[in-house]
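J.: Keeping their order, the protein sequence lines are chains X and E.
Position 35 of the first sequence, counted from 1, bears residue number 35 in this note's numbering, the numbering being contiguous throughout.
Position 26 of the second sequence, counted from 1, bears residue number 26 in this note's numbering, the numbering being contiguous throughout.
These are computed hints drawn from the structure, not numbers from a lab.
Take these hints with a grain of salt, some might be off.
[Claimed, not checked] Per the computed footprint, the stretches of chain X lying under chain E, defined by three or more beta-carbons under 8 Å from a beta-carbon of chain E, are:
{"hint": "1", "stretch": "6-16"}
{"hint": "2", "stretch": "25-38"}
{"hint": "3", "stretch": "134-143"}
[Claimed, not checked] Straight-line C-alpha distance at most 27 Å; calculated DSS-like pairs for lysine-lysine:
{"hint": "4", "chain 1": "E", "residue 1": "K314", "chain 2": "E", "residue 2": "K339"}
{"hint": "5", "chain 1": "X", "residue 1": "K130", "chain 2": "E", "residue 2": "K195"}
{"hint": "6", "chain 1": "X", "residue 1": "K2", "chain 2": "X", "residue 2": "K130"}
{"hint": "7", "chain 1": "E", "residue 1": "K291", "chain 2": "X", "residue 2": "K62"}
{"hint": "8", "chain 1": "X", "residue 1": "K66", "chain 2": "E", "residue 2": "K314"}
{"hint": "9", "chain 1": "X", "residue 1": "K90", "chain 2": "X", "residue 2": "K12"}
{"hint": "10", "chain 1": "X", "residue 1": "K66", "chain 2": "E", "residue 2": "K187"}
{"hint": "11", "chain 1": "E", "residue 1": "K195", "chain 2": "X", "residue 2": "K66"}
{"hint": "12", "chain 1": "X", "residue 1": "K62", "chain 2": "E", "residue 2": "K187"}
{"hint": "13", "chain 1": "E", "residue 1": "K441", "chain 2": "X", "residue 2": "K130"}
{"hint": "14", "chain 1": "X", "residue 1": "K62", "chain 2": "E", "residue 2": "K353"}
{"hint": "15", "chain 1": "E", "residue 1": "K187", "chain 2": "X", "residue 2": "K72"}
{"hint": "16", "chain 1": "X", "residue 1": "K2", "chain 2": "X", "residue 2": "K62"}
{"hint": "17", "chain 1": "E", "residue 1": "K187", "chain 2": "X", "residue 2": "K12"}
{"hint": "18", "chain 1": "E", "residue 1": "K195", "chain 2": "X", "residue 2": "K72"}
{"hint": "19", "chain 1": "E", "residue 1": "K195", "chain 2": "E", "residue 2": "K291"}
{"hint": "20", "chain 1": "E", "residue 1": "K314", "chain 2": "X", "residue 2": "K2"}
{"hint": "21", "chain 1": "E", "residue 1": "K300", "chain 2": "X", "residue 2": "K66"}
{"hint": "22", "chain 1": "X", "residue 1": "K72", "chain 2": "E", "residue 2": "K291"}
Positions of the beta carbon are idealized from the N, C-alpha and C atoms, including for glycine.
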Amino acid sequence: MKHTLSVLVENKPGVLTRVAGLFARRGFNIESLAVGESEDPRLSRMTITIDGAEHPIDQVTKQLHKLINVVKIRDLDPQHTVTAELMLIKVAAEGDKRTDVLQIAEIFKAKIVDVERRSLMLRVVGAGDKLEALLELLQPIGVLEVTRTGMIAIGRGRG
Amino acid sequence: MTSPLKMKGAQAIVASLEAEGCDTLFGFPGGVVIPLYDALYDATSLRHILVRHEQGAVHAADGYARATGKVGVCLATSGPGATNLVTGIANAYLDSIPLVAITGQVRADLIGTDAFQEADVTGITLPIVKHSYLVQSAAEIPQVIHEAFHIASTGRPGPVVIDVPVTAELAELTYRRPDGPHLAGYKPTVEGHVKQVRAAARAILEAERPVLYVGGGVISAGAADELRALAELVQVPVTTTLMGLGAVDEREPLALGMLGMHGTVTANYAVHECDLLIGVGVRFDDRVTGKLSAFAPQAKAIIHIDVDPAEIGKNVEPSIPIVGDARYVLAALLAELEKMERPAGRTAAWLQKLEGWKTEYPLHYEQPADGTVAPQFVIEEIERVTGGDAVIVTDVGQHQMWSTLYFHYRFPRQWISSGGLGTMGFGLPAAIGAKLGRPDKTVIDVSGDGGFQMTMQELATAVNYNVPVVVAILNNGYLGMVRQWQDLFWNKRYSFTCIEVQPDFAMLAEAFGAKGMRVSSSGDVGDALREAIDSGRPTVIDFKVAAEENVFPMVPAGQSITEMIGGKAPRKTGGAKP
């Protein structure tokens, strides 16, 4: 089962290296990792997704807790979590294909953020499976370049 | 200093170390730490020991920490100075030893430019530290050093690296003593969960064949008294790991000796047949458990007490986990058990069985046919001559295992050895650190001819500061432990384990200004040890021991700990230990 960890860390130099280094040397594979400042500028929030079937999640969180700069860890319950990921896609879009791309973008509420003679750039926000579905549809048309932020997540309600 | 509180970063380092109660540090100067050494030149309550190689500094600080329970401190310059500390930092990390390593770094504005003697020390040491700091400005030095000592010495202890750019040593700051560590993410659990402690107490009283399996966590927590009281109250036998030696007095009937790869037959059988295993300050290391699936197969319950939550369930899933400091948890457990009704003689049959094994499978060795000295006999003589009261430091290899087996350890911090990392070259510098920390104790460094040659330059340090350690080299002319494996598992193909060319160790010692001795017959062992101790000088004794003696019992790597080689031969000479 996929686990989403919301990890509050001190906003200090080298903290990302400590977390990434820990995962590497303990042999934990990170599926995605996104990091940015939290509501408190002294703290950053990392959203880490990891395959719990592959690694005992208990050992992952305990090892993370041993890092002095890690302040708090939550293993988010998927039922009560809002997740989002941002993706930019450059698609080859000449002639008839242009209309196809625009239609697909419309369905997925993707924004056209750059228009060139031979390509279009889409920006889309959503959960992982939505982004996958969009990519699948665009693939036959001609995906030139993709970049994704990795998932960010936050628990619903207070606290 | 322009005013009493204004000082340079370098002076703030010295002031902060003194404020933390540091009285001894081990170091070696270099370009970027000249300002710090200039400040040390004026230090009055801080003793700096100049080693001959930075590896000596870190091992000496480690030995000092193990002998005293205080934080060991070492100091090195940037680049090669700092990288020479790496082995010793890893050594302290694996054995959870409180250590602060201060390294110089190039000027802050040069970091990242491949400047002269620049190395990314916080990066290099990242996987082997409890925490590390790259100091950004002089102003943060007092807080950083305060936090470093706090982190190194609390919870599960470990090494902390502080990398200080020379610019921070030179810049001025207003020195203020920190009002405490401010570490939002660091709050080690000290007291065990009450319900879990209660569950553990019940399990102990239900068990008929319980065993306490205790390790370094008991030593670092200072929990030996609580452990003894508990073991005696509920009559539970105790086996220790290599790191736990000294947690119980091994002359006591409840003591089973060390368990694991080179453990006693009784200890390994006891764990195999126990119905309750109580792990305290241990980590179920592979050298202890052997084949994990065959470890303690009859245990209906496993209690695991450790201050580090990540150790619980890492290798073995306990039925009753208790996170907390060993001293607090054992005290709580003891209090709980004292309140409960305890059926008398519940473990009597079990203890009787263990006594039977002790008689049936004692340690044994034979006198070498070639007339050389039996290495085990040297260890027995060390115990006899010192009355068992000496601090024993070792290097790594066969002599280390004989030292675990043939000496009865009596008190915590009596035994100082590189456990987790198995660092050859640890012995001599660690012994120097231990002796400086415990000048009241006789300190014997049992070493091998291989390991001694890795850090033997520290004899100069011992002579320089007149640190009268006695180095007992069990000289068999081999890298003996590897040779033993080649003997037993590699068809006696002794590939590069014979040390064909060796210095004359006694003459070498004399060249350093130490006392050098050599012993080649059993009758002289005791007298030589006595003479060395009485000389009050750093002394090296070259004991010519049997060349191809093996350490037994032995559990081959990866096998069940009941699969012992050489544990069952009849008793011939020596070896009163279980």
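J.: Of all the hints numbered above, which does this structure not satisfy? Sort the numbers upward.
T.: Result: hints 2, 3, 4, 5, 9, 13, 14, 19, 21, 22 break, sorted rising.
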